[in-house]
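Chains B and X: place on chain H using the hints.
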Amino acid sequence: MTMQTLVDGLVLGGLFSLSAVGFSLLFGVLGVVNLSHGAFVLIGGYAAYTLHEKLGLDPLLALPVIMLGMFCLGYAFQRSVIQWATKRASLLASMLLTYGFALMIRNALVLIYSPDFKSVTPAYAFDSLSFGEVTVGLTRVAALLVSIVLLAALAATLRYSNIGRTIRATAQQEQAAALCGVNIRHVFALTSGLSAAFAGAAGVAIGLVMPFSPPDETLWTVNAFVVVTLGGIGSPAGALVGGLILGVVNTMTAQLIGAAFPNAMMFLLLVLMLVVRPAGLLGNSFKGSR
Amino acid sequence: MKLDRRTVLKSMGAAVALPAIGRGAQAQATETIVIGGSVPLSGRAAETGLNVNNGYLAAQKFFNEQLNGVEIDGKRYKIDVRLFDDASDPARASTLIQRHLDDGVQFFLGSFGSNIVLPTAAIVERAGKPMMQTGGASDQIYTQGYKNIFCMFPRASRQLYNTIEYFKVLQPAPKSIMFAMANDAFSKTLAEGAIAFGKEKGLPINDIVTLPENITDASSLVNQIRSKKPDVLLATTHDQNSLLIARQLISSNVDVPLLYLSLGPQLKSFRDALGGYSEGLYFQQFWDERSPYKDAFFGSAQKFADYYRQHFKRDIAYHTASGAACIVAYVHAMKAANSLDPAKVRDKLATLDVESLYGRIKFTPEGDGDPVHLGSTVGQVLKGTAEVVFPEASRTAAPVFPAPKWAEKRRG
Amino acid sequence: MKLFVSGRSAWVSIAITLAGALLFALLPAFLSPYGVRVGQLFVLAAGLAVAWTVLGGFSGYWSFGNAAFVGTGAFVAALIELALPGWSPAGAFTVALLAAMLLNGLLALVIAWPILRLRGIYFAIAMLGVSQVCYELVSNIDALRGALGVNLLDIVPKDVRPERFYYWALLLAATAIILIAICVRHSKLGYGLLAIREDEDTARMLGVPTAPYKISAFVISAMLTAMMGVIYAHNLGYITANSVFRNEFNLNVIVYSLLGGMGTIIGPIVGAGVMTYVTQVLLGDLLDIHMFITGLLLAILVLAAPNGLYGIYDAYRLRLKRQKREAGR
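Chains as they are written, first to last, in this note's numbering: chain H, 1 to 290; chain B, 1001 to 1412; chain X, 2001 to 2329.
Looking at chain H on its own, in the form it has when it is part of the complex:
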């Protein structure tokens, strides 16, 4: 039974990780706390829903398309709105700006898709995999795999590719990077695009696993906060560790203390972590954590 709970937690944690990594990246590199992150996640979910309903496209196949679309959205969002706000006002004020966008996106989703919950249910949504005593839903395993693959790909990109190096350099020393000929605006926008793309991917994975509705955006923003604070800002590994821990804490609390208490435990952990080690488990000295 404990094994089952552990596996359930890890699977849930995979979702948390994927849903938080974009938030983490934006926070780490730009120092921008994006309160519309959860809304971006939902846009990904609704896109998957639309493609599945209208074109019969499997969510996993739709994933690259949605990520590309979200990338463009994120890029444009940074170049047009956020950049303007951070230049004219403070980083903290940009938080309010993104809150405003979260409200707008949520309202738009209600108008387009109605307030009803939606769910994406391909034929395999009800199948499961069993390993001995442990049974896990197939879509949940798929979501976990998607999240690990994508996080690994992101980590590799940041570590080894040119653009990754540029992003990291900009995060560490904006001015020095600019002096070396880095186009800071472009790098920021790329980061924002990546962040949105991963939010979209998380939305697809979430849509595959559970029903969703517009008010859920708050949930995914707040979850991202917790994951990032636990794992540390700005790194895919941090998001993965934070997410997995959170997932396991979630299911274990439900099992051992009571099904109603995972959220309370989660936020308690957040506050404790901030007090003990504000940079998070795998934190580094990126912008947001200074």
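Just so you know, the hints here were simulated from the structure itself, not pulled from any lab data.
A couple of the hints might just be wrong.
As the list claims (entries may be wrong) - Okay, derived cross-link-like pairs now, EDC-like style, lysine to aspartate or glutamate, Cα gap no bigger than 20 Å in a straight line:
1) B/K1061 to B/D1315
2) B/K1362 to B/D1295
3) B/K1147 to B/D1370
4) B/K1335 to B/D1139
5) B/K1075 to B/E1031
6) X/K2158 to B/E1125
7) B/K1313 to H/E53
8) B/K1383 to B/D1315
9) B/K1409 to B/D1231
10) B/K1228 to H/E133
11) B/K1078 to B/E1065
12) B/K1061 to B/D1080
13) B/K1229 to B/E1408
14) B/K1168 to B/E1192
15) B/K1168 to B/E1200
16) B/K1405 to B/E1200
17) B/K1348 to B/E1125
18) B/K1405 to H/D127
19) B/K1303 to B/E1065
20) B/K1335 to B/D1315
21) B/K1409 to H/D127
22) B/K1229 to H/E133
23) H/K54 to B/D1272
24) B/K1175 to B/D1255
25) B/K1409 to B/D1255
26) B/K1268 to H/E53
27) B/K1147 to X/D2154
Because the structure is a prediction, the values reported are computed rather than measured.
Showing chains B and X alone in chain H's frame:
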């Protein structure tokens, strides 16, 4: 939910013209009956809010267009339902209800959720105006001594009486029953009322699980079911959470002979999402369009449903019918009082006993629905359709118990 | 450094506040009950925003979790009233209000030491976490009744209309908050907080006792916020955790300050007035897009007037001064 440029501009224009914030609320037009109220159209409760909203509007449309209004004391009136979005914010709802009162609105419709309904009910009660509502069933509303607040549902703690009676007659008799309740006022009182009544009836209620109000993961519940193997699981959860629970039970291959989700399977979108797996799921059913109810205005439950489908795109739900029934109840009471005096209408509402599209409308002295006439029946999904299986008097199909296992449905 | 009224003493500010409060106290005589209820929302918003300003505006420690104190205050008061059956409503209310303020002060004191070591965004996130923990605990522990909800005592005197009574009660509380904020602002504590906002490390180096100052401001802010929460809850009459631990309480206070002018006292009051009017009156009629427009307004606000209305006024005044100087030359 129609939104075009004109409506936006019109409301903006009206708003800019400094709406009646000062004294001197405008006089009520003589030829309309204004019924005011709020519904939650954004936020968690928006789904039901929209169903209630459409019920109100369908009835308004029908009375005005098909019957050319209503005749009271020899005069014809059109019905004018004025609603706003309270966004599930109690302060916003109270403020805007006060605006209606100041504007001279005499009759009110209720919002959804007891933490919204109660503060607004207090204001309306104090002003001595009646409120018909179909979204606040928590017991707290009916223990305040209010005289003007009427609800189409029985209070939450009494709603599952028929369900408990059904568990009592199950063959073979269930050996263990598990309750799972979402942690909100309605779901909790609903479950606690059923648990108390069930224990009184000697049912083996062995496990009670409290779930958070919104869940992202039901695996702990699934695991408990896996280890305790109850014969019956009764979950008082809202639609989205119910679907998550069902999906996780299916994909974990954990069977319950009787899976009862209080809210969810009554919706077509819910049954569609589960496809064949929804077969045999139980739920709390308040209304079925095939019920043999006669209605003095719509004709029958079926005719109401037909009318609704002609004019609204959104699927019909029992909240749509109960919303429309609120207006029907008002019209009956106004006709009986032969007056538009809110106090007289209130008195007639209190003694109302009339068959309608929604069933026989009759309230308890505290204002909630009569638990026998307006109580819920036991619904079950059979061949993809929501059927009523208990009590026998209103059944549309024979119940299936135990329900087929997930594995059988997978093959079928 | 911005002052409440630049160049004049605290006494002028206090006098203006008292005169303004008196003026507002007379308003119900001219307003419809709906107008009075909008007034309630305004006074509530202004009180909460100024209470937030005592820490957030003066010291730059932006709390994103003041709903914790609104909600905890409301529930402490409700539960204490439940525990005092047979008391007169006025007596029970007084005890409940004082206890709620005291307990919230204590709560703030306990969490202040660890949490106020965090800076900037981390403090903001930690407070968001605190407010969520409080919400989850209140709604999930049955004895606290957050899920089922709890009724509060009816404290309205017989011959007073309830909307007026609560308008005055909230106004009284908000006035007290503003006066306290003015006193803080013009005391040693206030100058210390401003120094912390400008540069905390330098301030400490120069001998400003930063930790005790921040903690004092935090505790004051928490107690004042709780006071508003208690009155707000009584106005509703019945609350569940969802009615008082609202995200709006966390974020709107910041919006008001940003709109009016961060770090000033008049700023949040003006901001609260404008936002209340826009969201409740102008957008009250819009059935399904009021949230969209609110969001749009926020975005425009941040983009177009990052320093708020006060910033616009400030720039205008500077320009006038310069023109005058040039004209005099």
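Status of the hints after comparison with the structure:
Restraint check for B/K1061 and B/D1315: satisfied, since their Cα atoms lie roughly 17 Å apart, inside the 20 Å limit. About 14 Å separates the Cα atoms of B/K1362 and B/D1295, which keeps this hinted pair within 20 Å; it holds. At most 20 Å may separate the alpha-carbon atoms for a hinted pair to count; B/K1147 and B/D1370 meet this at roughly 15 Å. A distance of roughly 30 Å separates the Cα atoms of B/K1335 and B/D1139; the hinted pair therefore is violated under the 20 Å criterion.
About 8 Å separates the Cα atoms of B/K1075 and B/E1031, which keeps this hinted pair within 20 Å; it holds. Straight-line distance between C-alpha atoms of X/K2158 and B/E1125 comes to about 16 Å, which keeps the hinted pair within the 20 Å bound. Note on B/K1313 and H/E53: the hinted pairing holds, with a Cα-Cα distance of about 18 Å set against a maximum of 20 Å. Among the hinted pairs, B/K1383 with B/D1315 is consistent with the structure: their alpha-carbon atoms are about 19 Å apart, no more than 20 Å.
Restraint check for B/K1409 and B/D1231: satisfied, since their Cα atoms lie roughly 19 Å apart, inside the 20 Å limit. A threshold of 20 Å between alpha carbons decides the hint, and for B/K1228 with H/E133 the separation of about 16 Å falls inside it, so the pair holds. Taken as a hint, the B/K1078 and B/E1065 pair is honoured in the structure, with Cα atoms around 9 Å apart against an allowance of 20 Å. Taking the CA atoms of B/K1061 and B/D1080, the gap is about 9 Å. The hint holds against a cut of 20 Å.
Among the hinted pairs, B/K1229 with B/E1408 is consistent with the structure: their alpha-carbon atoms are about 18 Å apart, no more than 20 Å. Between the alpha carbons of B/K1168 and B/E1192 the distance comes to roughly 17 Å, so the proposed pair stays at or under 20 Å and holds. Taking the CA atoms of B/K1168 and B/E1200, the gap is about 11 Å. The hint holds against a cut of 20 Å. This hinted pair does not check out: B/K1405 and B/E1200 have alpha carbons roughly 31 Å apart, beyond 20 Å.
At roughly 16 Å between alpha-carbon atoms, B/K1348 and B/E1125 fall within 20 Å of each other, so this suggested pair holds. The hinted pair formed by B/K1405 and H/D127 meets the criterion: a straight-line CA distance of about 14 Å does not exceed 20 Å. For a cut-off of 20 Å, the pair hint linking B/K1303 to B/E1065 stands: about 15 Å separates their Cα positions. As the CA atoms of B/K1335 and B/D1315 are separated by approximately 31 Å, the hinted pair breaks the 20 Å bound.
Our distance criterion of 20 Å between C-alpha atoms is met by B/K1409 and H/D127, whose separation comes to about 12 Å. Restraint check for B/K1229 and H/E133: satisfied, since their Cα atoms lie roughly 16 Å apart, inside the 20 Å limit. Note on H/K54 and B/D1272: the hinted pairing holds, with a Cα-Cα distance of about 15 Å set against a maximum of 20 Å. Distance hint between B/K1175 and B/D1255 is fulfilled; the C-alpha atoms sit about 15 Å from each other, no more than 20 Å.
Distance hint between B/K1409 and B/D1255 is fulfilled; the C-alpha atoms sit about 11 Å from each other, no more than 20 Å. Between B/K1268 and H/E53, the direct Cα distance comes to roughly 16 Å. Compliance with the 20 Å bound is thereby established for this hinted pair. Proximity of B/K1147 to X/D2154 is assessed by CA-CA distance (about 18 Å); at most 20 Å being required, the pair is judged to hold.
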